[in-house]
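Enquirer: Chains A and B, in that order, are what the protein sequence lines are. 1 is the number of the first residue of the first sequence in our numbering; add one for each residue after it. 1 is the number of the first residue of the second sequence in our numbering; add one for each residue after it.
Do not rely on the hints blindly, as some may be mistaken.
[Stated by the list, open to error] Here are the simulated DSS-like cross-link-like pairs (lysine-lysine), alpha carbons at most 25 Å apart as the crow flies:
(1) A/K129 <-> A/K26
(2) A/K61 <-> B/K240
(3) B/K240 <-> A/K234
(4) A/K178 <-> A/K274
(5) A/K40 <-> A/K27
(6) A/K61 <-> A/K76
Keep in mind the hints are simulated off the structure, nothing from the lab.
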Amino acid sequence: MSHAAEKRDDRPRPDLSGAPNVIEVKKLVTHYGAREILHKIDFGVREGEIMVIMGGSGSGKSTLLNALLGLLRPTKGSIHILGEDLTQISDVEKTLLRRKIGVAFQGGALFGSLNVLENIMLPLREHTKLDVNTMRIMARLKMQVVSLAGFEHLNPSELSGGMIKRAAFARAVVMDPKILFCDEPSAGLDPIVAAAIDELILNLRDAMGMSVVVVTHELESAFRIADRICVLDKGDILMTGTVDEIRSSTNERIQNLLNRRTETETLDPEEYLKRLTAAND
Amino acid sequence: MSEAGDRAIPTRIAETLDRMGRSAVGGIAEVGLGAILLWQSVYWVVLGRHREQPVRMAATFERCMEVGIRALPIVTMLSVTMGVMFAIQGIYTLRVFGAEEQVTIGLGISIVREFGPLLTGIMVAGRTGSSLAARIGTMRISQEVDALEVMGINPVRFLVAPALIAMVVMVPLLTLWADLMMLTGAGWYVSVDMGMSFAAYTQRIIDVVEIDDLMHGLSKAFLFSILITLVGVINGANVKGGAEGVGRMTTRSVVLSISAIIVTDMIFAFITTRS
Ligand SMILES: Nc1ncnc2c1ncn2[C@@H]1O[C@H](COP(=O)(O)OP(=O)(O)O)[C@@H](O)[C@H]1O
Ligand SMILES: [Mg+2]
């Protein structure tokens with residue numbers, strides 16, 4: 001995993017501070033039943049950036065993502081995607097807007113009745129009038145981008161976890177979207193495969209210049225890929241900032257979030273002993 | 001203590017009423033959802049091509065194979081068996097009056113109007129309705145339905161419309177086949193037991209069964225097909241909580257659609273025998 005992390009550090013993080021926002025969320029409130037989940041959230045994603053939405057389990061990441069995707073109707077507030085207000089537009093406009101976004105779902109959400117190639121071709125089939133051969137070529141190209149060439153005719157059930165994610169990414173970007181959303185891209189993968197998926201996200205952004213929104217609870221992965229990180233906690237945004245800003249934040253809750261990882265993941269006995277004695281002082 | 005009991009009774013009544021109210025509202029909501037689903041499916045079938053988002057022919061064909069063709073062996077076997085059973089019972093009952101010659105009248109009419117559609121409906125509810133609920137439920141929890149939605153593909157057009165078309169076309173056809181197989185089974189037993197030739201039996205059936213009887217049965221099959229599809233889809237769409245949820249809703253869908261079939265059958269019989 002440190003291997004991929006090094007690679008990332010080789011890449012200059014682009015300066016996007018002047019770029020316009022492709023996603024603009026204002027005072028967003030959502031409910032499940034009577035329970036308020038997100039409390040007046042303000043959130044923006046710039047053109048060409050990788051924004052990571054990070055937070056513990058139950059903090060509202062999926063809820064925010066579902067709202068951004070138009071799968072969950074907010075109670076209050078506005079969501080502008082590529083300049084269009086999701087809460088106001090008609091179904092037809094929504095369908096048009098959705099051709100400009102791609103989503104890689106956590107479990108892949110590939111259709112079991114279609115093979116890998118057909119899954120990846122599906123958006124083309126539904127939204128373009130290209131002939132089948134052209135669509136096949138385009139889908140195969142995307143399969144190469146995600147290093148999945150040669151697996152066209154397998155059924156999704158025959159793929160490994162990492163391959164499923166790759167196929168999901170290929171399907172998400174087959175229409176060359178302006179924004180790519182990924183839900184927990186490294187969840188359920190071993191560290192090496194997870195690092196490879198992170199690498200893939202960076203490659204996709206660099207090659208296609210799209211904006212990427214990643215939802216994750218894994219700090220390792222977030223720090224590796226993010227241009228900016230938005231930290232969500234119990235339905236509030238604690239902070240939005242660059243990786244360095246988040247790392248050096250003095251906010252106690254953010255530090256807790258960061259430290260929880262070092263406690264559970266790096267089991268360096270010496271470090272642990274030092275911290276124990278420090279606590280006793 | 002008795003005070004507590006006195007207070008508890010009104011509370012319990014209120015709670016019971018509340019629960020009944022809730023499930024009534026839930027039930028009405030489901031019926032409403034069914035109506036919307038039906039309307040949207042018809043919309044996509046009629047206008048999908050115009051909006052350049054036609055209902056998928058390949059999927060519809062595949063559904064037809066699943067609903068109709070692959071059900072043929074089991075429907076054939078059960079229909080012949082039930083036909084024989086009806087003949088045995090019919091002859092046994094009528095023999096008391098010495099009227100077993102009349103058995104063909106009872107057989108022809110009851111099979112075509114009642115038992116053909118009912119057997120087919122129940123078979124399809126168990127076979128296809130349940131698999132539809134399971135399929136949609138599984139797709140729901142694996143976020144495949146969400147994926148369709150965010151790809152700008154209407155799930156009703158993509159998933160429900162093909163299933164509905166296949167059901168509406170195949171269930172009446174399957175019913176027709178079940179009618180034929182039941183009558184054949186019955187005829188075989190009649191000819192063995194009463195020494196009536198199969199040709200004579202066939203002729204009698206043709207004389208007795210009118211086109212109205214046939215249409216009565218097929219209209220019911222048509223209604224059943226819609227009911228089974230909607231119940232399956234709604235239960236599938238309401239799946240919550242993993243594989244266990246899928247199992248629960250699948251079972252619920254079978255129980256509900258068979259109940260709906262039987263109740264509809266009764267209402268249909270009541271209404272059509274009035275006029
Ligand atoms: N379908 C739902 N119905 C009711 N409550 C939900 C539903 N989905 C999520 N929640 C609740 O909303 C809160 C945020 O959940 P979620 O957005 O899934 O968090 P995360 O993705 O960060 O783990 C949690 O407390 C969860 O219990
Ligand atoms: Mg989540």
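Enquirer: Among all the numbered hints in the text so far, which are the ones the structure does not match?
Expert: 1 and 4
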